[in-house]
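Hey, can you work out the whole structure from these sequences and the hints?
Chains as they are written, first to last, in our numbering: chain A, 6 to 318; chain B, 1170 to 1533.
The reader is advised that the hints may include incorrect statements.
Stated by the list, open to error - Covered by chain B, per the in silico footprint, the following chain A stretches (three or more residues, Cβ under 8 Å):
no.: 1; segment: 98-108
no.: 2; segment: 167-179
no.: 3; segment: 238-250
no.: 4; segment: 279-287
Hints listed in this document are in silico derivations from the structure and should not be mistaken for laboratory results. Virtual Cβ for every residue (Gly too), placed ideally from N, Cα, C.
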Amino acid sequence: MSFLPDISLIAVLLASGVRLATPIGFAALGGVLAERSGVYNVGLEGMMLWGAFGAAAGTYLTGSPVAGLVAGVLLGAVAGLLLALLCVGLAVNQLVAGIAINLLCAGLTAFLARALFGLAGGGTAVSGFASLPVPYLSGLPLIGTALFNQDPLVYMLPVLVAVVTICLYRTQAGLRLRAAGESPRAADSAGVNVTAVRYVSLALSGAFAAAGGCHLVLCQVYIFSEGMSAGKGFIALAAIILGRWHPVGAVVAALFFGLCDALQLQLQFSNPLVPYQIFLILPFAASLVALVWFNKGARQPAATGMVFDREAR
Amino acid sequence: MTRLRDALVGLRVVMAVAVALGLGSLLILVTGADPVKAYAALVHEALFDYWGLSNTIVKTSPILLASLAVMVPLRAGVYNIGGEGQIYMGGLFGTLASLHLPALPSMIAIPSALLCAMLGGALWAGIAGLLKAWRGINEVIVTLLMNYIAIHVVSFAVSGPMIASGAPYPYSDEIPEQYRLPLLMPQTDAHIGIIFGLVAAGMIAFIFARTATGLSLDIVGKSPRAARYAGLNVKAHIVASMASGGMLAGLAGGIEVLGLKYRLFHLFSPGYGFDGVVAAFIANANPAFAPLSALFLGALKSGASVMQRAAGVEGTVVDAIVGLVVILVAGSLAWKGDLLGGLIEGFRLKPTSADQVNPTERQS
Chain A
6 MSFLPDISLI AVLLASGVRL ATPIGFAALG GVLAERSGVY NVGLEGMMLW GAFGAAAGTY
66 LTGSPVAGLV AGVLLGAVAG LLLALLCVGL AVNQLVAGIA INLLCAGLTA FLARALFGLA
126 GGGTAVSGFA SLPVPYLSGL PLIGTALFNQ DPLVYMLPVL VAVVTICLYR TQAGLRLRAA
186 GESPRAADSA GVNVTAVRYV SLALSGAFAA AGGCHLVLCQ VYIFSEGMSA GKGFIALAAI
246 ILGRWHPVGA VVAALFFGLC DALQLQLQFS NPLVPYQIFL ILPFAASLVA LVWFNKGARQ
306 PAATGMVFDR EAR
Chain B
1170 MTRLRDALVG LRVVMAVAVA LGLGSLLILV TGADPVKAYA ALVHEALFDY WGLSNTIVKT
1230 SPILLASLAV MVPLRAGVYN IGGEGQIYMG GLFGTLASLH LPALPSMIAI PSALLCAMLG
1290 GALWAGIAGL LKAWRGINEV IVTLLMNYIA IHVVSFAVSG PMIASGAPYP YSDEIPEQYR
1350 LPLLMPQTDA HIGIIFGLVA AGMIAFIFAR TATGLSLDIV GKSPRAARYA GLNVKAHIVA
1410 SMASGGMLAG LAGGIEVLGL KYRLFHLFSP GYGFDGVVAA FIANANPAFA PLSALFLGAL
1470 KSGASVMQRA AGVEGTVVDA IVGLVVILVA GSLAWKGDLL GGLIEGFRLK PTSADQVNPT
1530 ERQS
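Shown next as structure tokens:
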């Protein structure tokens, strides 16, 4: 092994980094929407798992991964609405409601997956999306495979990021969403229905997080397993903070965590003498260090975490 | 009338649990099994069978301590979702102490090993407390991330430096006899760990209700600003309450090794830290109710094992039921009797703002 790792190794690393970052990116994007509208979405982890289950179940029942994706995303939106019902409609503490969503999704998917696929026997593999190389571009050195020879969901993520960014910062709907998170009372005075805005953004948030779960099943492992989100939803929460509550920033942070994960896998294979747990810890430790390091100057939307009650003074 | 309303509000958790069990029976029906038979088997196994009951007790004691580990920091307004990681650290420290301390008599050996376990949990949780107090970093995210780190640290320890010679599976050497907890029920696994949990619950209930420490924790939790006016050191309270929570979870981990497993295993806790969060929810963060809610979860988990055999329904239905209980209890928190109060007394109570999340979040 030469001192400088060769280009092809880096290309492989980048490609798997992008693939591993995609679920985190989807969830972080969903989290940005929720927190921008004034609600912590600690339930991202559960919504991801729920989306993964929906994708596996939908694909298993219909045979089509597209149907699976739709099912997963819809289930995610339902979970988002449930979170909204709890912490916007019923004014339950947002962290409590999010944790409750995680536990509900973990319990329900464990039960339903056994009932549907008989997970005791190792589960049932489902079909998924193949990678779609972009002509010419996929042959580029270094970044060709990473950016232009991926599955459709990877391509969808930057498109969604662009759409969300434009909507958030260039449209009236986006202004309303941000206003609901920064100053719900002012928004309310200006005629914005803060409650409705938060319901919609949480439904979208759940749908995005679930899309991340769909990527796990339909593009990575082609099978559902209990607890397969394995903390990615929590890493997404860190990505939101690192990304300064901006869609682009959050997805870039997710990319960083994905690369850590890819590095971990790579090192696990190339250095079997080094205990592999060190590399499993790496993404979590990197999230933690990044949180401590970059926390200064980060400011969350002013009203995130607060219950908005029109009648209170 | 107010009393009636208060009683109903107090019972809302019981109602939420009943509804969840009802929904659970629907799930059982969907799979084609008989819910009455399934629940009967569960209850009989968990509470009315000698070995089943011992199993329930074995599962209740870590859940009880883990729920207290949530309640103590929560009193100061800090969310400790890191019980699972703290249990792992407690297990690691407790095992290290048991394997490396000299051969002391049990009366000294067990307390010193458990103290080390508590230290492990406290240090691990203390990190999150420090980051929260001095850097304002959200403790929910930190504790969640640290769970995964702790699990992998233990996995590293038992598959590398601590692995027993010739072990086919990652586990440590067995701890010496004198470090093992005495049994509560002869010929079973039920050890005296549950007594530690009950004593801790009693002590914490007393501290919360009757001591100055309890009061100052409460003030810090409800209004950090008022606490500062009262001359309380808010940051110190946050760190200390978090570390105390970690201590309790660490104790749970230590007891799991000293009382049940006698070795440190890879993945030795099946999520007791998260069950503790659930139990704290159900008990409405009241330590006096913690034994009951922990027993409920312990019984569900211990009874689940026989449901497959007795009623042909997957034991994982219990996980679904627990999820439903949590979501319904969370939903029921919204109901403070306002509606009923309005009907009875002719006026509607103003919603309280005490539910504001994380009052310390914006202190800087």
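Against the structure, test the hints numbered earlier, and report the numbers of the ones violated in rising order. When the structure is compared with the hints, only number 2 turns out to be violated.
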